[in-house]
Every structure is written in structure tokens, then in C-alpha cells.
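Enquirer: The chain contents come next:
6 protein chains.
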Amino acid sequence: MASKSLIETVRAGETVYLGWVGNPDPLVAETIARGGFGAVNLDMQHGLHDPVSVMRAIGSVSAAGVPVIVRVPVGDFAMASRALDMGAQAVIAPMVNTVADARAFADAMKYPPIGKRSWGPTRAMMLTGDASAAAYLQRANGETLSLAMIETREALDNLEAILDVDGIDGIFVGPSDLSLTLSNGQVVDGDAAFLDEPIRHILKVTQAKGKVPAIFTVSGVRARAMADLGYRIIAVGLDALYLREGVRRMLEPTLDR
Amino acid sequence: MASKSLIETVRAGETVYLGWVGNPDPLVAETIARGGFGAVNLDMQHGLHDPVSVMRAIGSVSAAGVPVIVRVPVGDFAMASRALDMGAQAVIAPMVNTVADARAFADAMKYPPIGKRSWGPTRAMMLTGDASAAAYLQRANGETLSLAMIETREALDNLEAILDVDGIDGIFVGPSDLSLTLSNGQVVDGDAAFLDEPIRHILKVTQAKGKVPAIFTVSGVRARAMADLGYRIIAVGLDALYLREGVRRMLEPTLDR
Amino acid sequence: MASKSLIETVRAGETVYLGWVGNPDPLVAETIARGGFGAVNLDMQHGLHDPVSVMRAIGSVSAAGVPVIVRVPVGDFAMASRALDMGAQAVIAPMVNTVADARAFADAMKYPPIGKRSWGPTRAMMLTGDASAAAYLQRANGETLSLAMIETREALDNLEAILDVDGIDGIFVGPSDLSLTLSNGQVVDGDAAFLDEPIRHILKVTQAKGKVPAIFTVSGVRARAMADLGYRIIAVGLDALYLREGVRRMLEPTLDR
Amino acid sequence: MASKSLIETVRAGETVYLGWVGNPDPLVAETIARGGFGAVNLDMQHGLHDPVSVMRAIGSVSAAGVPVIVRVPVGDFAMASRALDMGAQAVIAPMVNTVADARAFADAMKYPPIGKRSWGPTRAMMLTGDASAAAYLQRANGETLSLAMIETREALDNLEAILDVDGIDGIFVGPSDLSLTLSNGQVVDGDAAFLDEPIRHILKVTQAKGKVPAIFTVSGVRARAMADLGYRIIAVGLDALYLREGVRRMLEPTLDR
Amino acid sequence: MASKSLIETVRAGETVYLGWVGNPDPLVAETIARGGFGAVNLDMQHGLHDPVSVMRAIGSVSAAGVPVIVRVPVGDFAMASRALDMGAQAVIAPMVNTVADARAFADAMKYPPIGKRSWGPTRAMMLTGDASAAAYLQRANGETLSLAMIETREALDNLEAILDVDGIDGIFVGPSDLSLTLSNGQVVDGDAAFLDEPIRHILKVTQAKGKVPAIFTVSGVRARAMADLGYRIIAVGLDALYLREGVRRMLEPTLDR
Amino acid sequence: MASKSLIETVRAGETVYLGWVGNPDPLVAETIARGGFGAVNLDMQHGLHDPVSVMRAIGSVSAAGVPVIVRVPVGDFAMASRALDMGAQAVIAPMVNTVADARAFADAMKYPPIGKRSWGPTRAMMLTGDASAAAYLQRANGETLSLAMIETREALDNLEAILDVDGIDGIFVGPSDLSLTLSNGQVVDGDAAFLDEPIRHILKVTQAKGKVPAIFTVSGVRARAMADLGYRIIAVGLDALYLREGVRRMLEPTLDR
Ligand SMILES: [Mg+2]
Ligand SMILES: [Mg+2]
Ligand SMILES: [Mg+2]
Ligand SMILES: [Mg+2]
Ligand SMILES: [Mg+2]
Ligand SMILES: [Mg+2]
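Going down the list, the sequences are from chains F, W, B, D, H and A. Just so we're aligned, residue 1 is where the first sequence starts under the UniProt record's numbering, counting upward by one. Just so we're aligned, residue 1 is where the second sequence starts under the UniProt record's numbering, counting upward by one. Just so we're aligned, residue 1 is where the third sequence starts under the UniProt record's numbering, counting upward by one. Just so we're aligned, residue 1 is where the fourth sequence starts under the UniProt record's numbering, counting upward by one. Just so we're aligned, residue 1 is where the fifth sequence starts under the UniProt record's numbering, counting upward by one. Just so we're aligned, residue 1 is where the sixth sequence starts under the UniProt record's numbering, counting upward by one.
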């Protein structure tokens with residue numbers, strides 16, 4: 001398993017730069033994990049992962065000593081539980097717009113009495129090395145992170161109430177969707193200036209609640225700015241971009257002819 | 001991508017005969033696409049596709065210049081969004097029985113302000129060749145088709161209201177289920193005479209609302225009849241049938257001994 | 001298909017010991033099926049199966065003459081229908097806590113007039129050998145088993161009402177989750193003494209309603225005890241355990257040095 | 001396993017019409033098998049199968065009660081042994097041009113003292129149901145068919161000597177390559193008139209040696225002609241053709257507009 | 001298929017920068033193809049491709065309008081034929097050290113009378129759109145490139161004779177192995193100074209014979225230098241490097257803290 | 001990577017009990033690895049692995065800290081090199097009957113000057129963590145084990161000469177094939193009494209040459225006996241057996257009714 005768990009890193013106040021993977025091949029995720037990210041997210045919402053590919057990639061990335069996060073499809077909270085059973089250390093749920101959404105998400109992520117997660121972490125225990133069910137049970141609720149995506153006006157309106165839901169450990173800002181919803185479908189631009197205020201507001205409220213602030217970015221410069229602002233888990237681009245950028249740099253010296 | 005988009009063909013008033021694929025191998029879908037269909041549907045409800053196989057088959061069929069439709073499982077509207085992100089040009093949602101069903105489907109299919117589709121068409125943009133997010137955003141709502149299945153008495157009762165939902169582009173008649181529900185489970189026969197009236201009724205209402213009428217058939221003769229009637233997207237059989245029929249014809253000359 | 005169907009065995013009052021498979025490789029399921037189980041369950045909740053792997057494993061296990069059950073993810077009733085379309089003889093739905101849950105499950109499992117299952121059993125009919133749709137339709141509702149998991153206090157409270165839902169054929173006790181929910185998250189132990197009473201209670205109520213009582217166990221001894229008590233379908237361990245136990249026995253003679 | 005083994009059918013003097021499958025999805029092979037062929041060939045030379053897909057398709061086709069043949073890549077005799085270990089009843093080796101080729105092929109197909117096949121039929125015995133290694137060993141050499149492809153002038157010249165190799169059970173004529181090699185690369189046409197003589201010659205020699213004559217065709221009419229001539233295993237087309245033909249027939253009634 | 005074939009580009013005297021892919025996921029190859037390379041190589045020698053993954057990636061990359069080359073495992077000339085059947089436009093054979101190696105390679109690559117390639121390009125013809133076998137046959141020998149790797153002292157000694165083999169279209173220099181073999185296992189460094197002379201020598205001889213000179217490099221600067229020297233097909237790095245480089249650039253702005 | 005390399009364990013004179021895996025799912029191999037074996041073999045000869053499954057399983061088993069061995073198909077020495085590139089620590093080559101066989105095997109396993117292994121261990125270096133090519137090169141020949149199977153009379157006759165081949169690190173006795181070949185096809189029984197003498201003879205000669213003696217067994221008792229005799233790497237059964245035995249033990253208490 002990961003040399004240092006995600007929750008430990010976050011609790012230590014360190015910033016986690018997060019690799020983002022849409023390709024379902026586990027070796028892609030592992031190669032990215034070995035490139036220097038503090039954690040890797042496997043994307044089932046806009047990315048191309050399915051349950052089996054997620055399971056295999058969790059194994060591969062964990063083997064590289066890097067914690068895995070899984071973003072599940074909209075409203076697929078059953079998959080949130082499954083991701084944990086497969087060994088993910090955190091789950092990102094998109095479009096958590098209401099307290100009901102947050103409650104359903106928390107229920108899937110946490111064992112009783114906090115939530116309603118169902119028992120069966122056979123694969124996860126293989127990866128953690130927990131010898132007994134009791135050991136895993138005792139640690140699980142405290143060591144798995146539930147990150148609710150805030151990416152609509154409705155979610156902004158409900159932000160405090162969502163953060164107050166027991167079992168929600170943090171929020172994850174989706175800037176593209178936030179730009180799209182706040183502009184009523186006119187603009188999609190995660191770096192748009194009109195996002196600055198909500199991005200700061202969400203951060204402040206989340207910090208005040210003592211929960212983990214996280215966000216998506218598409219460049220290292222933006223990622224660094226978000227870290228300086230106070231965000232603690234910061235996604236930086238995605239695999240298609242890494243490939244494209246790597247190819248571009250590789251081909252650059254061949255072009256000036 | 002497809003040489004001509006599905007929406008262009010439909011807007012031009014042309015009839016689209018639709019190949020239907022349950023097998024999850026992308027080469028099966030591609031071979032069928034190259035056989036002369038105007039579009040190909042990948043079936044996740046009664047067929048054997050899952051998200052990864054759908055993604056791969058969309059690539060293969062698009063490479064053949066043929067548009068792809070995806071039928072998602074009952075109520076799996078998150079998958080409707082994912083299919084679009086993967087490059088599908090249309091989605092068929094089964095069992096849209098109420099306005100609430102239709103609204104949830106439209107929300108998944110359309111970006112704001114029409115719906116609540118979330119942003120992330122990385123793979124689709126690779127296939128369309130859209131250079132900018134803005135370009136894709138501008139076209140997306142108008143060029144992706146949401147087809148709601150009308151296949152129960154409840155749906156018939158709510159037909160006009162379903163068609164009035166903003167973001168629903170057409171209906172797709174499911175004759176087998178319609179026969180099953182109208183007969184209260186006594187009969188399953190998509191060619192049953194008692195379907196003639198509802199099939200005409202649905203067509204008329206859909207045309208009156210200016211939306212796209214589509215239907216499933218299991219033979220070329222029936223498909224042609226539906227085209228003559230006025231349906232514009234008409235599924236003709238399915239892959240297991242193509243294989244079976246092809247084998248039968250091939251073996252015919254060997255049998256008379 | 002299976003030499004003897006699951007429903008026939010159960011109706012004959014025989015006990016079915018159930019192999020349990022989390023690994024998505026169809027050959028694992030088939031090898032386990034050939035080991036002597038009366039049926040095999042493919043687990044999509046805590047196990048690692050997805051739709052395509054389930055489809056393939058149903059084929060492999062059926063080829064071994066053994067009936068297949070599929071446990072779907074929490075609340076994924078669309079998958080219940082799909083499992084039947086793929087040739088499963090029974091489906092286990094986890095966390096059926098209310099009458100509404102049970103009704104939704106039954107709707108997905110049974111054709112009208114009992115439920116709302118949608119028509120499309122192409123693959124299943126290939127396995128059963130049914131020549132006509134009418135033949136399959138006539139048998140389907142009576143020969144496919146819907147097993148609702150009872151594994152929370154809420155479900156216990158609603159037990160009779162859940163069993164009264166038309167289309168629910170039996171219950172499946174989840175002892176681990178029952179221990180977890182009854183202890184409010186303090187204990188996870190499917191063999192805990194405090195489960196004895198609920199396990200007997202559920203059995204009695206289920207028998208009184210004339211429905212099928214089923215349960216999960218992790219050892220042959222426990223499985224036998226449940227059979228003696230009156231349970232008719234009894235899961236015994238799971239594939240990771242079979243492998244581990246097999247390896248342990250194999251290595252035993254090499255250890256005493 | 002198959003209801004009747006391939007060798008039994010052939011020994012009984014019956015004609016076996018052979019389905020031909022290049023697609024690696026096991027369900028494609030199974031669907032074709034259920035369409036009425038006496039056996040199915042999985043093609044690893046010009047088709048798209050690899051070892052794992054062959055293994056899975058052998059399971060699927062065997063489940064349909066149909067015997068499986070595997071055509072291996074040119075010179076890949078190790079794969080011939082593997083195909084038998086996976087449960088194939090026959091292997092076709094392409095481009096067997098010399099006695100040395102035939103000897104190497106026979107060595108891979110037959111256990112000592114006839115050949116040098118290595119022991120390890122774990123999967124095959126699962127399919128045959130052989131309870132003991134001794135039982136499988138006793139039957140194996142007699143019940144697995146090695147079919148050497150005759151498809152070059154060199155092979156024609158060596159025909160008798162190839163047939164005399166102990167462990168070669170029959171020949172399989174490759175008309176396309178035969179046309180290509182006999183015309184020195186000018187023509188590829190498996191139905192060319194100049195093939196009539198060699199096709200009759202090969203048949204006569206093979207029959208005289210008491211071995212099995214087999215051939216590839218691309219139409220039912222040609223297949224029937226070959227059967228009437230005396231060939232006993234006759235391939236009829238291939239999966240891409242079945243699909244294309246099935247689609248063509250399905251779409252025919254829609255075209256005349 | 002590719003908008004412009006590889007052979008056309010090479011004949012036009014243009015330089016082809018070649019992407020190199022070890023990952024078996026077709027989407028990785030396609031994404032790289034879309035990044036600006038003139039062709040993409042799928043590596044089965046040191047990379048992780050197998051026949052099925054090669055077939056799928058050829059489809060994906062061709063869909064992007066980019067020609068595909070396949071490097072086969074050492075001595076696996078049967079796979080060279082298969083790669084062409086799957087739609088590859090060129091094949092690289094590693095460790096072609098003798099005239100016999102070259103002859104065997106050419107035999108697999110070219111139809112008679114030049115070689116002994118066996119007939120069966122079903123998949124390739126689907127991609128090229130050739131309507132008739134005759135059409136494909138006429139073009140095939142002239143439009144598929146056989147590139148023999150020169151990467152040992154023995155190969156250097158036999159260089160002229162290898163180039164004289166009919167059916168060998170070009171050579172592909174393997175600098176790493178060349179450094180390893182020339183240094184007798186002391187050094188592995190494809191950029192080593194002692195390679196300059198052999199790299200120039202191979203180029204000169206190849207040009208003199210009118211055949212295509214190709215080479216592997218691991219950086220754009222080196223690739224450009226090789227182009228300036230006169231090499232026409234030049235591999236630039238490989239997918240693991242593109243990913244690693246892309247990630248490094250992406251993370252760079254986050255590091256200086 | 002593995003906590004302790006295979007070569008270190010063997011050099012320390014410790015006995016390595018070897019798990020044996022035919023199933024291509026990486027999770028099967030990993031679960032077996034975690035069960036207590038000192039190493040795991042992935043079988044491509046009689047087992048069902050192919051190159052991609054081997055690559056994935058090497059990753060999974062290495063993640064469990066257990067070294068991986070790969071048995072390649074007969075004569076497939078190109079795959080021996082590939083297995084090392086994928087991170088295997090040892091390769092077993094079946095049917096090494098002559099010095100020529102042994103030389104070809106050693107050539108594929110060792111870099112110059114010992115052999116002719118070609119450079120390209122991208123994946124292996126990801127697993128070993130070697131930072132530079134030079135570092136991997138320096139260690140590779142000494143830390144990868146080539147095990148030649150001795151399983152025919154011919155191999156017995158050539159035993160000393162095979163062991164004298166530079167680059168052959170040890171032998172691996174195949175008792176089933178040895179029984180089959182020594183009995184001229186009459187008997188297949190790896191525990192047959194007439195094998196005792198050759199098994200002792202091979203051990204003595206191998207020890208005298210200072211190389212590693214290894215052997216296959218199908219039971220823990222036999223494995224222990226071979227260890228006591230002096231064999232150092234001892235395969236114990238195979239995955240199908242582990243599953244079957246685990247199931248048998250699990251079902252035992254349910255049977256006595
Ligand atoms: Mg979003
Ligand atoms: Mg329907
Ligand atoms: Mg449970
Ligand atoms: Mg041929
Ligand atoms: Mg090389
Ligand atoms: Mg052996």
C-alpha cells in the first residue's frame with residue numbers, strides 16, 4: 001500500500017498534488033503515479049474507467065506507493081462504497097448539490113453509526129494488510145476521505161449545510177462546471193475571473209468547518225496558486241494532457257525546419 | 001468522426017436505418033457499421049455493453065464514418081452523460097414513463113441552461129476535432145439527440161408532457177415492451193396488430209411537436225413500413241440476428257441432402 | 001444450461017450450497033462451480049464483477065451445468081434485469097430495507113403483471129434454448145428468483161411487509177452487515193451470538209410466508225448449521241478464501257521445519 | 001463438451017461444415033456455433049484471436065455442444081499443443097510445405113511414442129470431464145485431429161510424404177494461397193478453375209492414405225460441391241462475411257426507394 | 001485509413017517522426033497519434049502489446065489518419081504477416097543479423113513472387129476500403145514496408161547482403177543494442193559517440209541501395225540531428241517517456257516551494 | 001518490487017516454494033502470492049497466460065512483495081526476453097533437450113557478452129526502481145535466473161553439456177513429461193517410482209555444477225521431500241488445484257448428511 005496514507009498527509013497540513021486519469025489501462029495510472037504526484041484520481045464520471053479497470057488501477061497505483069482517489073459517476077453512491085472496498089483511500093462525488101446528496105454520499109462512505117456503508121472490504125484488506133475485520137473497521141471511517149463536489153449555484157447555496165453533514169470530510173471544487181452553471185451555460189472556463197470569489201468563499205467556509213478543501217486545475221501554475229491560497233488537494237491536469245504535452249515537448253526540436 | 005452527423009441527416013428529413021449491437025467487441029460494431037447502416041446503436045440495457053466497451057466501440061464505429069447512439073440501462077442517466085462524453089451523437093433512455101423521468105434524462109443530456117450536463121468531453125472532442133471548449137459547448141446541445149423510450153401505458157398517457165420537456169429531442173418506441181405492458185404481460189410481440197394504433201398515435205403526436213420519431217423493428221420489411229409511415233430513425237434487428245441470418249444463408253445450399 | 005434449475009432444486013426442498021465469486025475472470029467462477037456447489041453467486045456489490053464479466057461468467061458456469069446467481073450493487077435494480085437477460089437464474093439485492101426497495105427490486109425482476117421487467121432476453125434464451133419469446137415469457141416470472149437482503153434493523157422491522165411484496169421470492173440474510181447495524185457499528189462478526197435470534201426469526205417469518213430463506217456464511221460448519229436450521233440457499237465462503245485455504249493446505253506439509 | 005466429438009463424426013463418414021471465426025470475442029464464436037455448424041474454427045493466422053481469446057472461445061463454443069478447431073499462426077507449433085490443452089479437438093497448421101514441417105506439427109499434437117506433446121491438459125480435462133490423467137492420455141492421440149494445410153506448390157510436391165508422417169491425421173486445402181502460389185502471385189481466387197485439378201488430386205491422395213480431407217470455401221454452394229466431391233471437413237465463409245451477409249439481407253427491403 | 005500512406009510520404013522524401021507505444025491500450029496509441037507524429041509504432045518486442053491489442057490500436061490510430069508500424073518480437077515473422085493483415089503499413093523486425101533472417105522476414109512481408117506471405121487481409125481491407133482481393137493484392141507488396149533492424153556487429157558485417165534481399169524495403173537502426181553489442185555488453189547508450197561512425201555508415205549504404213533508412217532516438221534534438229543526417233523515419237522516445245515528461249512539465253510550477 | 005529477490009534467497013541456500021498460476025487474471029496470481037509462497041510462476045506453456053496477462057500479473061505479484069517466474073511456451077525464447085523486460089526475475093523454458101536449445105535460451109536471457117538479450121527493460125526498471133540503464137545492465141545478468149526444463153531422455157543424455165552452457169543458471173525437472181517420455185508414452189505420473197533415480201541424478205549433477213536445482217510437484221508432501229533431497233526451487237501444485245482443494249475443504253462439513 002501507499003507508503004504514507006492520504007489522510008496522514010492531509011492531516012499533516014501538506015499539499016497533495018493529484019494526478020488525474022481517464023484512461024482505463026492500469027499501467028497508465030501507475031506510470032503517472034510514479035511521476036511525482038502525491039495521489040492519483042481515477043475518473044469514472046468524465047473519464048473512461050469502469051469498476052474492473054478501477055480495481056486493477058488501484059492495485060497498480062498502490063504498488064507504486066501512491067494513494068488512490070476515485071471519482072464516481074453522478075449519483076452512483078453504490079460505486080463509492082465499491083471503490084473503498086477496492087482499496088481507494090478517498091472518493092470524489094460529483095454534483096453534490098443538496099444536503100440529501102451529501103447524506104447519501106456519506107452513507108455510502110462511512111460504516112455505522114456515521115453512515116450505512118455495507119461490509120465487504122476483502123480486496124482493500126489485502127492491500128492494507130489488515131489482519132482482522134475489527135482492525136479495518138476501527139480505522140476505516142477515520143481514514144477514508146469523502147470529497148463532495150461543489151460545482152453549481154445550488155451547491156454554493158447549500159455549502160455550509162453540506163459541510164455540516166456528518167461523514168463529509170471535505171469538498172472538491174469543480175471550476176469548469178462552476179463556470180458553466182454560474183454563467184447559465186454561456187461560458188466554460190475553469191480559470192475565469194468570476195470564479196475567484198466563489199473559489200475563495202468555498203475555501204474559507206471549508207476551512208472554518210475544519211474540513212479538507214480540494215480543487216481541480218489544468219495547469220501547474222494554477223495548481224500552485226490554489227495551494228498558496230490554501231487548498232490542500234489539488235488536481236493538476238489529466239492524462240490526455242500529460243501525453244499531449246509530453247509529445248509536444250518531445251517533438252518541439254524537430255519542428256523548426 | 002462520422003462523415004455526416006446524425007442530427008444533420010435527421011434535420012434533412014432523411015430516414016436513418018439503425019444497426020443494433022449487443023456484443024461488447026468493438027470490431028463487431030464496426031463491421032456492422034460498415035454494412036450499410038446510417039447509424040449504429042450500442043445497447044447497454046438488454047445488450048452486453050459496459051462503459052469501457054461502449055467507449056471503444058464508439059471509436060471504432062466513428063472511424064467507419066458512422067454516427068453512434070447508445071441505449072443506457074433503465075434510469076442510468078449518469079451513463080447518458082458519459083456516452084456523450086465518449087462521443088455518442090445520441091442516447092436512447094428506456095422506460096421514460098413520466099415527466100420526471102424525461103426531465104432527469106434531459107438534464108443529463110443538455111448543458112445549462114437547458115439541462116445540467118456536467119463538463120468533461122475530452123474524448124468526444126478528440127473525435128469531433130473541436131479545437132476549443134467554447135466550440136464544443138456551442139454545438140453540443142443542438143447536435144446531440146435525446147431519445148426517450150415510450151413503451152408503457154403510463155408513458156402513452158404522459159406522451160405530450162414528455163415531449164414538451166425542454167431537452168427531449170425525440171421519442172423511441174419500444175414495441176416489444178409496449179405489447180407486454182398493454183397486454184398486461186400476456187403477449188410479447190412487437191409486430192402485434194394491437195400496436196398499430198399506438199404506433200400511429202405516437203408518431204402523430206411526436207410530429208406535431210416537431211420532434212424526432214424513432215422505433216425498433218426486427219425485420220427489414222417492418223422497418224420499411226415504419227419509414228413509409230413517417231418514422232425517421234428505425235432500428236432493424238440486432239447483431240445476434242445478423243449473425244444468425246448470415247450463417248443461415250451461408251449454410252442453406254449445404255442442407256438439401 | 002444447468003442440468004437442474006435452481007428453482008426446481010429449491011422447490012424440491014433441497015439445500016443449495018452456494019459458491020461465492022468476487023474475481024471477474026470467468027474461469028475462476030467455472031472452476032469453483034465444478035468443485036461441487038449447487039449454484040454460484042457472482043458478486044457485484046463487494047466483489048469485483050462488472051456487467052461484461054458477469055455475462056461471461058454466467059456462460060462459463062452454465063456450461064458446467066451449475067445455476068448462477070448475481071448479487072447486484074446497492075440499489076442497482078437495472079442491473080438485476082440485466083443479470084436475468086444474461087442468463088442468471090436468481091438475483092440477490094443488498095440492503096432491501098423498505099417496502100419501496102422491495103417493490104423496485106420486484107419490478108426489475110418480474111414481467112407484467114407482477115412487475116415492470118423490460119423485454120430483451122436474447123442471451124438468456126440462447127442459454128435456456130427457448131425457441132420462442134412466448135415460451136420464455138411464460139416461464140420467466142416463475143423460474144427466476146428474487147432474493148432480498150435483510151441486513152439492517154430497518155429491514156428487520158419491515159420484514160413481513162417486504163416478504164408480502166408480490167415478486168419477492170425469498171430473503172437473503174447478510175450476517176456481517178446485520179452484526180454491524182445491530183451493534184451500531186461496534187462489531188462486525190457474522191457468527192456473533194447476538195445474531196442467533198434474528199437469524200431464527202427471519203427464517204421463521206420467511207417460512208411462514210412460503211418463501212425461500214437464504215443466508216451467507218464463511219465456513220462449512222456454519223453453513224451446515226444453517227441448513228439444519230432450515231435455510232435452503234446457503235453461501236459458503238468466497239473465492240479469495242477458497243484460494244487462501246487451498247494454498248494453506250497445500251503448503252502445510254512444507255512448513256514444519 | 002460437444003455432444004458428439006469431431007473425430008466420431010468424421011469416422012462415421014459424415015460431412016462437417018465448419019464455421020470460421022476471426023473475431024476474438026467468445027460470444028461471437030458461440031453465436032455462430034449455435035447457428036448450425038458441425039464445428040467452429042478459431043483463426044489465429046489471418047483472424048484476430050490470441051491465446052487467451054482462444055481459451056475463452058473454446059469454453060463458450062464447447063458449452064454450445066460444438067467441437068472447436070484452432071488454426072495456429074504459421075510455424076507456431078507450441079500454440080498447437082496449447083490449443084489442445086485448452087480443449088480444442090483439432091488444430092489446423094498453415095503452410096505445411098515439407099516433411100519437416102509436418103513432423104514438427106505432429107510432434108506438437110501427439111504424445112509419445114507418436115510425437116513429443118508435453119503434458120498439461122488441465123483445462124481440456126475440465127471440459128472433457130476425464131477423471132484421471134491416464135484416461136485422458138489413453139484417448140488423446142486418437143481423438144485429436146492434426147490437419148496440415150496444403151497451399152503451395154512445394155506442399156503439393158511433398159503431399160504423399162507429408163501424409164505419411166505419423167501423427168498427421170488429415171490435410172486442409174487452402175485454395176486462396178494455392179491460387180496465389182500456383183499463379184506465382186498473379187491471382188488470388190479460391191474458386192479459380194485451375195485449382196480444380198489440384199483439389200481433386202489432393203483429395204484422391206488423402207483418401208488413398210486413409211486420412212481426412214478438409215478444405216476452405218467462401219460460399220455454401222462451393223462448400224456443398226466440395227462435400228459432393230468427397231471432402232469431409234469444409235469451412236464455409238467466415239464471421240465478417242456472416243455479419244455482412246446478415247446485415248445485407250436485413251437491409252434489403254429498405255433499399256428500393 | 002491514414003490520409004496519406006506511409007510509403008507515399010517516404011517516397012516523397014519527407015521525414016517521418018515516429019511515435020512509439022508500449023502500452024497495450026488503443027486509446028494511448030490514438031492520443032499519441034493525434035499529438036503530431038507522422039506515424040506510430042506499436043512495440044511487441046520490448047513493449048507490452050500482444051496480437052489483439054495491436055489489432056485494436058491499429059484501428060484506433062488509423063481512425064486518427066495516422067499510419068501504423070508494428071515492431072514484432074525477435075524472430076516472430078508469422079506476426080509480421082499478421083500485423084499486415086491487421087492493417088499495419090510497415091513492420092520492424094528486430095535483430096535481423098543475417099541474410100537468412102532478412103529472407104525469412106521478407107517472405108512473411110511480401111506475397112509471391114517476392115515472398116511467401118499468406119492470403120487473408122480481411123481486416124486490412126476493411127481499413128483500406130479495397131473492394132476486391134485483386135486490388136489489394138496488386139498494391140500490397142509495393143505499399144507495405146519491411147524494416148530490418150541493424151543492431152549487432154554481425155548485422156553490420158552483413159549489411160549490404162541484407163539490403164540486397166528482395167522484399168527488404170529499409171533498415172531500422174537500434175542504437176541501444178548497437179552500443180551494447182559493439183561494446184560487448186559494457187555500455188548501453190544510444191547516443192554514445194562510438195555509434196556515430198556506424199550510424200553514418202549504415203545510412204550511406206542504405207541510401208546507396210535506394211532503400212529507406214530509419215532509426216530510433218530518445219529525444220527530439222537527437223531525432224532532428226538524424227533527420228538532418230538523412231534518416232527518413234525517426235522514432236522519438238516512447239509513451240512512458242511522453243507521460244513522464246508531460247507530468248514533469250505539469251508539476252514543475254508546483255515544485256519551487 | 002519483491003522485498004527480497006529470488007536470486008538472493010537462492011544464493012542464501014534457502015528453499016523457495018513456488019506457487020503456480022495458469023489463470024490469466026492478475027488478481028488470482030496476487031492472491032496466491034499473498035498465501036505464503038516464496039515466488040509465483042505464471043505459466044504460458046500449459047497455463048492460460050499471454051503476454052499482456054503476464055505483464056499485469058507480474059505487476060500485481062510484485063506489489064505483494066513476491067518474485068515472479070514465467071514459464072514460456074516451448075521454444076519461445078523471444079518471450080523469455082519479454083518476460084524479463086516485464087519484470088520477471090526468472091524464466092523457465094520447457095523442453096530444453098539439446099545444447100542448442102540451452103544456448104538459444106541463454107542468449108535470450110543474458111545481455112552480451114554472455115548472451116544476446118536485446119535492450120529495452122522500461123517496465124522492469126519501473127518495478128526495480130533502477131535509476132539508470134547502466135545500473136540495470138550491471139545487475140541484470142547476475143540477478144535473473146534461467147531455468148532449463150529437463151524432461152526427456154534426450155535432455156537427460158545432454159544434461160552435463162546443457163548445464164555447462166554459459167547463461168544457464170539452473171535446471172527445472174518436469175516429472176510428468178519425464179514419466180511420459182521415459183515410459184515412451186505409457187505412463188504419466190510425476191510421482192512414479194521409476195523417476196526417483198533420474199530425479200536424484202539430475203540433482204547431483206546440477207549441484208556439482210554449482211547451479212540451481214528446481215522441480216515441479218503436485219503436493220506439499222512431495223514438495224517437502226524434494227526440499228529434503230536438496231532441490232531449492234519447488235513448485236507446489238497449481239491454481240486450479242488450490243481452488244478445488246479450498247472448495248473441497250470448505251464444503252466438507254456440509255457433506256455428511
Ligand atoms: Mg464537474
Ligand atoms: Mg424496451
Ligand atoms: Mg451485506
Ligand atoms: Mg492460407
Ligand atoms: Mg533493439
Ligand atoms: Mg513439461
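It is possible that some hints are incorrect.
Claimed, not checked - Across the chosen pairs, the derived CB separations fall in these ranges:
#1 V99/W x L229/B: 45 to 51 Å
#2 E252/F x N184/D: 30 to 36 Å
#3 H201/A x R153/H: 47 to 53 Å
#4 R11/W x G129/D: 55 to 61 Å
As the list claims (entries may be wrong) - Some chain A residues well away from chain F (every beta-carbon gap over 12 Å; in silico):
#5 S60
#6 T98
#7 V187
Think of the hints as simulated: they come from the structure by calculation, not from any bench. Built from N, CA and C at the ideal position, the CB exists for glycine as well.
Enquirer: Now, for every hint given, state plainly whether the structure supports it.
Expert: Against the structure, the hints come out as follows:
1. V99/W x L229/B: 45 to 51 Å: holds (49 Å)
2. E252/F x N184/D: 30 to 36 Å: Since E252/F and N184/D have Cβ atoms about 50 Å apart, the given range 30 to 36 Å is violated.
3. H201/A x R153/H: 47 to 53 Å: violated (40 Å)
4. R11/W x G129/D: 55 to 61 Å: Because 60 Å falls inside the window, the suggested range holds.
5. S60: Non-interface label fails for S60/A: nearest chain F Cβ at 6 Å, not farther than 12 Å.
6. T98: holds (37 Å)
7. V187: With a cut-off of 12 Å, V187/A remains clear of chain F, as the shortest Cβ separation is near 41 Å.
Hint compliance for this structure: hints 2, 3, 5 are not met, and every other hint is.
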